[in-house]
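Engineer: This is what each chain is made of:
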Amino acid sequence: MTHLPTHTEKKLGLVIDLDTCVGCHGCVTACKGWNTQNYGAPLSDIDAYGADPEGTFLNRVFNYEVAPADGGASQTVHFPKSCLHCEDAPCVTVCPTGASYKRVSDGIVLVNEDRCMGCGLCAWACPYGARELDYDAGIMKKCTLCVDRIYNENIPEEDRVPACVRTCPAGARHFGDLGDPESDVSKLVAERGGMDLMPEQGTKPVNKYLPPRPKDTLDKQPPKALETVAEEAKGFLGWLDKALEKL
Amino acid sequence: MHPAPSVIVFTSISGLGFGYFIWLGLGIPDLYGWEAFAAFFVAYAFSVGGLLASVFHLANKKNAIYSFSQWQTSWLSREGVLSVIALLAFAVFAIGRIFFATALPVFGYIGAALAILTVFSTSMIYTQLKTVPRWNMPINPVLFLLYAISGGAILATVGGALSGVVAGVLILILTALQMAGWMMGDKRLSESGSTKGTATGLNTIGQVRLFESAHTSRNYILDEMVHIIGRKHSQKLRMISVAMLGVVPVALLLLLPSGLIVTLIALASHLVGVFASRWLFFAEAEHVVGLYYNRD
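One line per chain: the protein sequences are A and B, in this order. If you read the first sequence in the working numbering, its first letter stands for residue 1, the second for the next number, and so on. If you read the second sequence in the working numbering, its first letter stands for residue 1, the second for the next number, and so on.
Derived from the structure by calculation, the hints contain no laboratory data. Be careful, since some hints might not be right.
[Stated by the list, open to error] Pairs of lysine-lysine residues, derived as DSBU-like cross-links and limited to a Cα-Cα distance of at most 35 Å, are as follows: (1) A:LYS10 - B:LYS196; (2) A:LYS204 - B:LYS130; (3) B:LYS187 - B:LYS232; (4) A:LYS215 - B:LYS196; (5) A:LYS10 - A:LYS187; (6) B:LYS130 - B:LYS62.
Work out the full structure, taking the sequences as your base and the hints as a guide.
Structural biologist: In structure tokens:
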């Protein structure tokens, strides 16, 4: 049944640092690569070399410009977006076939591809656009948090993190247990004021975003204009001044 | 939202079919033999035809059988289960009336109740979605039920079992509530509190503007949830819809003497109006994921 578990043993998820992300799309490419060659139906491309190419991706990077309220200079924020593995995942409960589920052991939200009928209702229920129906396979695809990497004892230990985290050249993506307040990711979230996306939707996302750090501002007042040192001219300039005024 | 023909046909036609079943279950009209066969044939054609149309919306039809399994949590699953039970209850009711001249009113009442629950479940598939604020309001289930009952009422006037006045009044109420629903819906997105700022969490810094989208071509999310073409003529379509689903059938039913031709013309006009209004139901519905793509 597509009941949500009342409690999960872990809350595995990502912490994405919007201050550090350089918007290179490396995570997008690594995700597409890993998830096309491994678990589940491949992420297809349609008309890949034609005039109107499109494809399925589980992670995409937007770019926003933010103009500060106090009128300072605008800043560009690179914004990667993928499944947030919500505690109150609306995509799970709407599923009519039981294909969507949230794991009790680690909180990962997954799709059982042998049961999915491709109705798309879960994608409608997700506020974040995290689920994409693969047009070739007819199956709903979403971020698996790389379940086939993180527990995989056949690959070196340092590789047992999601492909996007492993590849990020800026160190802007962090993976861990957000249910454990002592974990590195939880400490990072506490320290940097990690936030939820669209909290008003009531989804309780596990993934957190670290807001951009405040920009530096000038700490000294700019230098004043030079003060006048002589009120009245003397000598030759004084004579010239008087002579010119008499004209 | 993408106004896919399969879901527009599904919700409109199956609603009409189950609406007619509700009246038939209550014994209005009270038919036997060949007349009963004709009436139940029409009701089954609309309801089953509508349900079959919904199957064309599925990208992986071979797993459709599993959709009966999650009735404890999923409104879509409940709709499937209830529709099948309702159609089975009416099968017993119809066989009794067609072949044995027996009324079996209990099956009629149970079937009518199940038909109401089926239409309610259909409406909840949409109403439950917080992500589409225009759908997420209590008037939508009321409208779905009224569409079904008043559409069925037009069919029930055949042979004079139901007076044209009752059907006309029901359609008037439906039309008025639909107009109220449109006006309430227009305010829903701004009332939801979701903005580009909350979607990105960057509202704490300042005004957010899309600088560059995550992808240059279309994708499933844009195809399905950021559909904007249908909104261009929304005001004109609302007027057409009100005229066809409300004004024309009401005028025909209240002003002309009842008869099969009048009923059929009223029904045809009503159906065109229902299709226009269902097109708007999907095309006008804004999904909050559009905020990530909003270029304003």
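Engineer: Could you run down the list of hints and mark each one as holding or not?
Structural biologist: Against the structure, the hints:
no.	hint	verdict
1	A:LYS10 - B:LYS196	holds, 31 Å
2	A:LYS204 - B:LYS130	holds, 14 Å
3	B:LYS187 - B:LYS232	holds, 17 Å
4	A:LYS215 - B:LYS196	holds, 21 Å
5	A:LYS10 - A:LYS187	holds, 16 Å
6	B:LYS130 - B:LYS62	holds, 29 Å
The earlier numbered hints are all upheld by this structure, with none contradicted.
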